[in-house]
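**Student:** Below are the chains, spelled out letter by letter.
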Amino acid sequence: MRRIVVIGAGPAGMAAASAAALHGVEVVLVDAGAKLGGQYFRQDALAPGDRFKLPSNVEHVANAAVWAIEPVDGGHRVHLRVGPADGPARRGRAVEARALVLATGAYDRALPFPGWDLPGVYTAGAAQALAKGQGVAVGDRVVVGGTGPFLLPVAASLIGVGARVVEVAEANAAVTGWLVNPVGALAGWSKSGELVRHAGTLARHRVPYRSRTAVIEAHGSECVESVTVARLDALWNPVPGSERRLEADAVTVGFGFTPQLELALAARCRVEDGFVVVDAAQGTSAPGVFAAGELTGIGGADLAASEGTVAGAAAAKFVGAAVEPPVRAMARVRSGRRFAAALNAAYPVRSGWHDWLRDDTIVCRCEEVTKRALFRAVDERDVGGVRSLKLVSGAGLGLCQGRVCGRNVAELVGVDGTGFAKRPIASPIRLAELAEEEPVETPVDAEESGRALGVEY
Amino acid sequence: MSRIETADVVVIGAGIIGAACAEALSAAGMRVLVVDRGAPAGGTTAGGEGNVLLSDKAPGPELDLAVASRRRWPELIESLRAELGDEVARVEWEPKGGLVVASDRDAMGPLSILAEAQRAVGVEAVDLTPGEARAMEPYLTEDIAGAVHYPGDAQLQPVLAATAMLAAVRARGGEVRGWTEARGLVFDGSGRVAGVRIGDETIGCGAVVNACGPWAGHFSVAAGAPIEVLPRRGMVLVTAPLPHVVGRKVYAADYVAAVASSHVDLQVSAVVESTATGTVLIGSSRQRVGFDEALQVEVLRRLARSAVKLFPVLAGVPVMRTYGGFRPYTPDHLPVIGEDPRFAGLWHASGHEGAGIGLAPATGRLLADLMCGREPEVDPARFRVDRPAVMAEVRT
Numbered sequence: 001m002r003r004i005v006v007i008g009a010g011p012a013g014m015a016a017a018s019a020a021a022l023h024g025v026e027v028v029l030v031d032a033g034a035k036l037g038g039q040y041f042r043q044d045a046l047a048p049g050d051r052f053k054l055p056s057n058v059e060h061v062a063n064a065a066v067w068a069i070e071p072v073d074g075g076h077r078v079h080l081r082v083g084p085a086d087g088p089a090r091r092g093r094a095v096e097a098r099a100l101v102l103a104t105g106a107y108d109r110a111l112p113f114p115g116w117d118l119p120g121v122y123t124a125g126a127a128q129a130l131a132k133g134q135g136v137a138v139g140d141r142v143v144v145g146g147t148g149p150f151l152l153p154v155a156a157s158l159i160g161v162g163a164r165v166v167e168v169a170e171a172n173a174a175v176t177g178w179l180v181n182p183v184g185a186l187a188g189w190s191k192s193g194e195l196v197r198h199a200g201t202l203a204r205h206r207v208p209y210r211s212r213t214a215v216i217e218a219h220g221s222e223c224v225e226s227v228t229v230a231r232l233d234a235l236w237n238p239v240p241g242s243e244r245r246l247e248a249d250a251v252t253v254g255f256g257f258t259p260q261l262e263l264a265l266a267a268r269c270r271v272e273d274g275f276v277v278v279d280a281a282q283g284t285s286a287p288g289v290f291a292a293g294e295l296t297g298i299g300g301a302d303l304a305a306s307e308g309t310v311a312g313a314a315a316a317k318f319v320g321a322a323v324e325p326p327v328r329a330m331a332r333v334r335s336g337r338r339f340a341a342a343l344n345a346a347y348p349v350r351s352g353w354h355d356w357l358r359d360d361t362i363v364c365r366c367e368e369v370t371k372r373a374l375f376r377a378v379d380e381r382d383v384g385g386v387r388s389l390k391l392v393s394g395a396g397l398g399l400c401q402g403r404v405c406g407r408n409v410a411e412l413v414g415v416d417g418t419g420f421a422k423r424p425i426a427s428p429i430r431l432a433e434l435a436e437e438e439p440v441e442t443p444v445d446a447e448e449s450g451r452a453l454g455v456e457y
Numbered sequence: 001m002s003r004i005e006t007a008d009v010v011v012i013g014a015g016i017i018g019a020a021c022a023e024a025l026s027a028a029g030m031r032v033l034v035v036d037r038g039a040p041a042g043g044t045t046a047g048g049e050g051n052v053l054l055s056d057k058a059p060g061p062e063l064d065l066a067v068a069s070r071r072r073w074p075e076l077i078e079s080l081r082a083e084l085g086d087e088v089a090r091v092e093w094e095p096k097g098g099l100v101v102a103s104d105r106d107a108m109g110p111l112s113i114l115a116e117a118q119r120a121v122g123v124e125a126v127d128l129t130p131g132e133a134r135a136m137e138p139y140l141t142e143d144i145a146g147a148v149h150y151p152g153d154a155q156l157q158p159v160l161a162a163t164a165m166l167a168a169v170r171a172r173g174g175e176v177r178g179w180t181e182a183r184g185l186v187f188d189g190s191g192r193v194a195g196v197r198i199g200d201e202t203i204g205c206g207a208v209v210n211a212c213g214p215w216a217g218h219f220s221v222a223a224g225a226p227i228e229v230l231p232r233r234g235m236v237l238v239t240a241p242l243p244h245v246v247g248r249k250v251y252a253a254d255y256v257a258a259v260a261s262s263h264v265d266l267q268v269s270a271v272v273e274s275t276a277t278g279t280v281l282i283g284s285s286r287q288r289v290g291f292d293e294a295l296q297v298e299v300l301r302r303l304a305r306s307a308v309k310l311f312p313v314l315a316g317v318p319v320m321r322t323y324g325g326f327r328p329y330t331p332d333h334l335p336v337i338g339e340d341p342r343f344a345g346l347w348h349a350s351g352h353e354g355a356g357i358g359l360a361p362a363t364g365r366l367l368a369d370l371m372c373g374r375e376p377e378v379d380p381a382r383f384r385v386d387r388p389a390v391m392a393e394v395r396t
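Quick note, the sequences are listed as chains A and B, same order. Counting in the numbering used here, the first sequence runs from 1 upward without gaps. Counting in the numbering used here, the second sequence runs from 1 upward without gaps.
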């Protein structure tokens, strides 16, 4: 049977599943959420129905945690637990396929600053997910900080659920600058209209939007009561004397995105500069493994969907379907990547944030590792790699397994952070669940898949 | 600090064994350079549980080395503390003792015989009834036939231990260079080791120690003096932090048989213990799969089963991560410690398999004693390089 597994049901994964299904391939689409759409199209979990409909040969496995990917002869075995994560009765499944599409997306990056571990500090993505998925505002008076166009929809979502946005602090140049003057590399970007709408929402609600500004400290005894914002120089060092105190009961921070790499690493895909390396057909270095969306570079939902279409078609071809090259999607990928590159260049994270931290600022929240303890571990024990760094400092060893702190810690001490994303157990699993035998569905036939199956576009 | 251009000894491999050798050599007054092709303490050492065990060894040369090492560890930690301060000498040393559990009468017989033999050579081993064992470890399964308590078993955190010893080497004027690959040896006219090639550079030295762990076989081939050290893979599960559930190092009696086995196939036996941070470590597996790092869920599954069998209370506990690595295996299960008979000045210290953390300080001291011409504390004869199980033919 021609069958592929797609992991992640955001824009990239849904497009990949649809494209493969249209070529007559059975698709198992696995996602952690209750409904289709992922973070970008997050749906109200409590409302009835689903706004997306996929072809009938796509099996959508919702509420599923992929906790391991195991290479087997001729393909991969994907291990799932299906059911609410905290529930007592998650069901085990193991699905084998000769081709996989990884569309696991990205999560937003929070930079540490004094007070960032106080209740009331949220990542921008969490604040948006609560607003979109549950209709809940993270606070009454919220400061939105970070960098990039994503701050605008987050601020707009907060306004939409009744919060007052005290200020939007953009650490780089103003997004609104190129919105009103659309020339240069970002001219014609498909998201511009949407961002103009969000900018309009902010203006109507008289929300101050300040560029070259960041939240450098949060204050409060039990939870956030106020924050300090400061002007930044070009390297993000706070400009002395520019500090202002703002009353707020919540802060959201979003400094770009970190791809969710653990499954790609488990499938032995090559990763460079923090992203999965793909060819023109979205093929990774691992035969039969395709990647689409933010895993391959941060580029937003439209680019992710185009990449998904290409990856789904390529995966279908890999398992033997007759597939014409999806030339239009491929062209959209090429132009989308140009905008993405320009956008990422316009919103870098500069190293000045290292100095926002004080010695006692926590850098790893799970294990409560301070900056001082981190640097002592590195200096006194002369640690040079991620594995030993984790074991010596404790950073990245806790429940989040370095998802929040890994990239920041790696940057602070100057090591390659990809090692933090090596998580062979990709999501926590109870010992009794792990002990249980899972029936393997549709084992791949090693002989059948022994044929040379190139993907030639 | 300026970079060393010549050294008395170059130690290849900055894992626990290389670190212990370098520590002992620098304590003997030698100028030591330690190189590692990766990060120091980032290979096998970072994949270990930190076992310092007497309980799993039958009387013989390895137990002799283990007894010497068990005596040495606390002394060494104390001297590192005096030299480097509390923080750097912090290695999470826990003389917690071990409990070996027999699940049925069939397992009890061999366990009692082993304990009797260990007692005869001076290892403290106390036979326990099931009730006594459960009084020590209240969460232990009721389904046991008996147990033996080994007060001498201990645990430490291997990366902390290795980096502390390397810090001492640096403090004594030596150097540790990570991300530096040794490409081969340089010999003088008489065929004696005179240096090591590192990149384009040659570091002149009087002796070289091959402490490459599971890669010691590879290095020995590159050096032109092959020894038979092979990788054997092991995996460990780590749970989320828990309130106190497991006090000692608790393992099933069949572990001893698995340690001593030569099987290529997967062997799993439960070893359960908690760490200073509250996580529970669950081992152990042994498999000879070359250097294949691919995840095998079956290995994790069997680890989970064996742990739940020993501690049923763990069933609902989440596993947060798994780690593992390759351990240096020799066909006769004994470490290789000594000078190579083919090239004067080339020394080997490897082949400790899963016991390297425990055996490290006595290994370092034995090597330093032999190199300095001192009377060794442990008989070196059984660890010598020119024994048939280890001296490999030159493979072409």
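Derived by calculation from the structure, the hints in this document are not laboratory data. Keep in mind that the hints are not guaranteed to be accurate.
Stated by the list, open to error - Facing chain B, from chain A, some residues (calculated, C-beta under 8 Å):
(1) H79
(2) G83
(3) A85
(4) L118
(5) A266
(6) R270
(7) V271
(8) E380
(9) L391
(10) I425
(11) P428
(12) A432
Claimed, not checked - Stretch-level coverage of chain B by chain A, calculated; a stretch enters the list once three of its residues show a Cβ under 8 Å from a Cβ in chain A:
(13) 136-150
(14) 208-216
(15) 370-378
Positions of the beta carbon are idealized from the N, C-alpha and C atoms, including for glycine.
**Student:** Does each hint hold? Answer for all of them.
**Tutor:** Now the hints, each set against the structure:
1. The interface hint given for H79/A is met, as the beta carbon of that residue sits about 6 Å from the closest beta carbon of chain B, less than 8 Å.
2. Here the hint on G83/A is broken, as its CB sits about 15 Å from the closest CB of chain B, past 8 Å.
3. Interface hint at A85/A: violated, since its Cβ lies 10 Å from the closest Cβ of chain B, which is beyond the 8 Å cut-off.
4. Restraint check, L118/A versus chain B: the minimum CB separation of about 22 Å is more than 8 Å; hint violated.
5. About 6 Å separates the beta-carbon of A266/A from the nearest beta-carbon of chain B, less than 8 Å, and the hint is met.
6. Interface restraint check: R270/A against chain B, minimum CB-CB distance 15 Å, threshold 8 Å, status violated.
7. For V271/A, the shortest C-beta to C-beta distance to chain B is roughly 15 Å, which exceeds 8 Å, and the interface hint is violated.
8. Annotation: E380/A was flagged as interfacial toward chain B, and the flag holds, the nearest CB pair being 5 Å apart, inside 8 Å.
9. The restraint placing L391/A at the interface with chain B holds, with a minimum CB-CB distance near 4 Å, inside the 8 Å limit.
10. This hint holds: I425/A has a C-beta 5 Å from the nearest C-beta of chain B, less than the 8 Å allowed.
11. The criterion of a C-beta within 8 Å of any C-beta in chain B is met by P428/A, whose closest approach is roughly 4 Å, and the hint holds.
12. Interface hint status for A432/A: upheld, as the beta-carbon distance to the closest one in chain B is roughly 4 Å, under 8 Å.
13. Remark: the stretch 136-150 of chain B is not confirmed as covered by chain A, as 0 of its residues place a Cβ nearer than 8 Å to a Cβ of that chain, below the required three.
14. With 0 residues having a Cβ less than 8 Å from any Cβ of chain A, the stretch 208-216 of chain B misses the three-residue criterion, and the hint is violated.
15. Under a criterion of three residues with beta carbons nearer than 8 Å to beta carbons of chain A, the stated coverage of the stretch 370-378 of chain B fails, only 0 such residues being counted.
Violated hints for the displayed structure, listed by number in ascending order: 2, 3, 4, 6, 7, 13, 14 and 15.
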